[in-house]
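Q: Here is how the chains run, residue by residue.
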Amino acid sequence: MIYFDRVTKTYNSHSVALDDVTLSIAPKEFVSIVGHAGAGKTTLLKMILAEERPTSGSVFFESQDVHKIPRGILHNFRRKIGTVFQDYRLIPNKTAYENIAFAMEAAGRADDEIAADVPHVLELVDLTDKAWNFPRELSGGERQRVSIGRAIVNQPDVLLADEPTGNLDPIATYQVVEILKRINELGTTVILTSHNRE
Amino acid sequence: MFWENIRRIVRTGVTNFLRSGFISLTAILMIMVPLFILSSLLFTNFLLEEEIRSLQDRVDINVYFVTTTTEEKILALKQQLEKLPEIASAEYLSAEDVLQRFRTRHENDQLTLQALDELGENPFGATLSIKAKEVSQYSGIADFLSDRMTDETGQAFIDDINYYRNKVTIGQLGDMVDRTQREKIIQTLFLAVIALFVIFNTIRLTIYHSREEIGVMRLVGASNAYIEGPFIVEGLLYGSVGAIIILILLFPVTYWFGSYFSVFPSITGSVSDIRVFEYYVSHFLYVSFVILGTSLLLSGASSFVAVRKYLSV
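First to last, the sequence lines map onto chains A and B. Each residue of the first sequence is one higher than the one before, counting from 1 in the numbering used here. Each residue of the second sequence is one higher than the one before, counting from 1 in the numbering used here.
What the hints contain is simulated information worked out from the structure, not anything from laboratory work. Take the hints with a grain of salt, since some may be wrong.
The list that follows gives simulated cross-link-like pairs (lysine-lysine, DSS-like), each with its CA atoms no further than 27 Å apart [unchecked claim]: (1) B:K309 x A:K80; (2) A:K46 x B:K309; (3) B:K167 x B:K83; (4) A:K28 x A:K46; (5) B:K131 x B:K184; (6) B:K131 x A:K68; (7) B:K184 x B:K133.
Chain A extracted, bound-state conformation (with noise of 0.2 Å):
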């Protein structure tokens, strides 16, 4: 399914991020990919969303060059993958609901769809009851579960969740993986780095 070829990406002469990395990824897989900070872990997820360029190799999603997708049709291509990042990167202005309804509606989804889905994803990370508060009024746990279901709203073939336990104490951390875990076992491909080894 995801497939890289020989991928480096230098940021400079002493800044080298990716060397001479070959690795493939079947459908349906929990994969993790575990090293310190600065090991190159968010620069390999952020290859896969084609928001940085390798210095040389490829990277293949489904056969297809992501970083020979013209810019003007990225996007389609970029809603196929849920993302999870470990600052969240919610839309402070916009609701737990809306952050999430916002996904759909950039994906062009209709309102009765928005209108059913969301509720549901809702109750899928367990924060019914926030769904109008805004992500200054969550806890660091809720807000990466908010997060969470903005990236699975729109039923991505792949999750890739960048460091998502790296801000949350040991209870929040044990939820977010224990989600993350239900959303493989429906049937998405997961790829988690972390810096933690357990």
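Place chain B on chain A using the hints.
A: This is chain B only, laid out in the frame that chain A set:
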């Protein structure tokens, strides 16, 4: 789907505008400054045109004919003059009209009137009072008339043309009108650049505040148009609300301060006949169109340009 997207873009833009209370308020106040300058410019230009027109109205050439000239000859000259493109009007006053005016003007001066009666005949000749369309054209008209000081038989026809007595003053006035109009163009361009700069940077700052949000929207799969749309709606709202507040504020401002404005107070003296408030009321649609149109155009275009900068994710 197109209209569905438009509806969502407008709804999101309006919601963002309302939720970003302090930023929206600051942006509106910032946009109001160049709009106020622009409206002052509109009123200054109006006053300038009014005062130039008033000054030009005071300038004319009077042609005094010898007393023996017949009315037919003068009217023939008047017809010739009226065919010239430079002539705004030519008014004929017969010798009797001139005498009557003289008597009216000196009705309290018995000595002068007695002296006039002593003469036993009308000492005045007929006159033509000529107005040109532009101050600069008087010289050409005077030259045209000076070629006709005698008629075709060589007899005296025109006694005097008062242009040559007032030539220096008329020339200075023409130069001043030209210089003022040139300055008006430079001033307008200068203020237009300032307005563009202030509005663009205000909008850019509001969008800079949302730059990370734009990146996230790109990463969750929103198209450029879907991201840009709400920011443009927000920009248009800043522009329209700012313009509407200015249009409302201009009523009391022009009412209270309008009569104190004057471009050439030392020349025209009192300008109480020029009412800025009345001008504003009678030209409300025109002023609204200029202020609102400029504001919407600049804020919409600024939003479009500013948001593009952050869409490269």
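Q: A separate judgement is required for each hint: does it hold in the structure or not?
A: Verification of the supplied hints:
For a cut-off of 27 Å, the pair hint linking B:K309 to A:K80 stands: about 25 Å separates their Cα positions. Using a Cα cut-off of 27 Å, the hinted pair A:K46 and B:K309 holds, with the two alpha carbons roughly 20 Å apart. The suggested pairing of B:K167 with B:K83 holds, with an alpha-carbon distance near 24 Å, which does not exceed 27 Å. Between the alpha carbons of A:K28 and A:K46 the distance comes to roughly 20 Å, so the proposed pair stays at or under 27 Å and holds.
Proximity of B:K131 to B:K184 is assessed by CA-CA distance (about 25 Å); at most 27 Å being required, the pair is judged to hold. Proximity of B:K131 to A:K68 is assessed by CA-CA distance (about 75 Å); at most 27 Å being required, the pair is judged violated. Straight-line distance between C-alpha atoms of B:K184 and B:K133 comes to about 20 Å, which keeps the hinted pair within the 27 Å bound.
When each numbered hint is compared with the structure, a violation occurs for hint 6 only.
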